[in-house]
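Protein chains in written order, with numbering that gives the first Met the number 0: chain Y, 0 to 147; chain R, 0 to 468.
No farther apart than 16 Å at their CA atoms in a straight line, the calculated lysine to aspartate or glutamate pairs in the EDC-like style are these:
1. R:Lys240 / R:Glu123
2. Y:Lys135 / R:Glu407
3. R:Lys211 / R:Glu465
4. R:Lys260 / R:Glu278
5. Y:Lys110 / R:Glu445
Worth flagging that the hints you see were computed from the coordinates, not collected in a lab.
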Amino acid sequence: MSTLTISVFVDLSSALTGVAASQLKPQIDPINIAGQYFATLTSHVAEPTLIKLVTTFQAAGNPVAGATAVLADPVLGPVARSIMKLWFLGVWYDPAKPTQAVNVVSAQAYKESLVWRVMQSHPMGYSMFTYGYWAKQPPALNQFIQPA
Amino acid sequence: MKSSRWQFLLFIGLGGLAALLAVVACTNSIQTASPVPAPPALATTPPTPPPPALSFNIPFDVTVPPQPPPTLESLQHDFDVMSWQTFVAMSWPVLPDGQPNTGQLPGQDGDNPTVWQTWKTAPEVFLPNGAPPPPWGTPLASSPLPAICRDQLQPGEYFLTQIGKTPNLLTESIQPFNTGPLIDQNGRYARFEILMNQTMFDYIVANKLYNKKAQAGVTSVVFPCGTTNPANPQVGTIMVKASWKILSPIEIQSGRFHTMKALIYTPPSTNPIIAETCEHATVGLVGLHIVHKTADAPQWVWSTFEHIDNCPTDGQVVPGHDYSFYNSNAPGAAINTPPDRPWNPNNIEPPARRPQIVRMIPIDQPTQQLNATYQAALRAVNPSSVWQYYQLVSTQWPTQPAPSCDVETSAPTNLTGTPAPQFLGNSTLESYIQGRVPNVSSSCIECHLNATTTKSVFSDFTYLLERAQ
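Only chain Y is shown next, with the shape it has when bound in the complex:
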């Protein structure tokens, strides 16, 4: 019986979102958004469900198959979708009420949301680009989510 660790959480999150684990939790990480999301998940989801999440994900043999198995499970699927929304929107949604946002995790979660990277853009009110970026072609999507 395995408990969910932050390392497994990041691997699962990478498989669910398609974003490299190194982007979700960099080796040198001053923001620790993965830690914030891990704490959010473990404070909202019961321990037995988290154990089943780990077991199902790891039993599949590889991350993509694991994520597929988790999403297909009637109990774990809604949790997995809440994890995806957590990463993409920085917001925790109740797995039992999937359209109901509970809270924005933090100010950091807002600007670190993956949706901005997938859009090759930036949050409203916060830009990580230089002045005049709007007149230029944005970098390719892979540079944002799967950099070499």
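The hints should help you fit chain R onto chain Y, whose structure is shown.
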């Protein structure tokens, strides 16, 4: 993988760099005190680190020890050490030619003029009508001064013109962020200056960036990073921002400030009405940003130092202590709030208009320990050294540095390099924008990412080029 850059450096780069710097330190450093045999260590007591060597060599880059593998905390320490090494080297007693006096130590014979104070100030580089600046090494007295100050500059005197960290603070009705003048507990307005080293000056001159028309043809600005190549190591681009307070006779006598004689210019204004003045005064250093572009930190290394008497950390007031920018007898006053307009630096402001400054983010414990180590080393040189009264607040650095010196090209999706710490401010330079709110609170790299030339081209993290005429 960018996030593994520091691991990568660990194995292929910094081992050699560490060896090189060890050699440089051995040959050029001046040890301040003989190693003292440590008392027998208790099981629970960590070993006492040796006192740091004081060197007049500005480090070329950060030094990361080969073992153990770096962490966020260990790298922060490495950058903090680099900050102190740089502060010591730049504060070294200076010869008339701008070189460090290698026969002396900082503070050895009392306060000393420093290396960085011989560098070029912004007004010496960005001249009226975009004129080319005089060559490096030209004495200040040869530079054009406002008519009211002309012929008043005395030998050994410096020239201060800036009333805020940003130019035109007093006359701009709208500021990009909540700001205002800094006024000390004597009611006097603090003064500011920005200086640059020769590497930066040469790049500006070579590319005619001092001239607004010439900037029109510039499509990219990439200041030199320097190099640790053992065959020809070079210090990269360095900028300095200094904040000064006009000292009272008692403060001058206290021997706690690095001081200089200054000719202080206040530009005229009709709205608000401010008389043009030129005043001689003794000023004391209260804040110092050192910003250094290196090969391993193309987003620059942002070190910030303060005088220890500036202000308390929020909630940690020492009762009865005489702070320069905080009144211990008015603990209920609003903190970090600029006084209402109008602002007139010719005035001595009454107590009600003196802002109550506090540090919002405490200095980290490891940084405090490093401060104590360096302050002790400076005290060992001279028990009454003014340099022992300065402290490092922190160092901001890119955790995912750009792969090359050209940040905009080589790191287009992470231009800031994810700085650590996320927020950093100096109580005298970012007094009113301290905190932990993204894009609102002070973060050196994130703010300076917005800097451009006069033609809106990214200017490599410096706002100075906007001053070109």
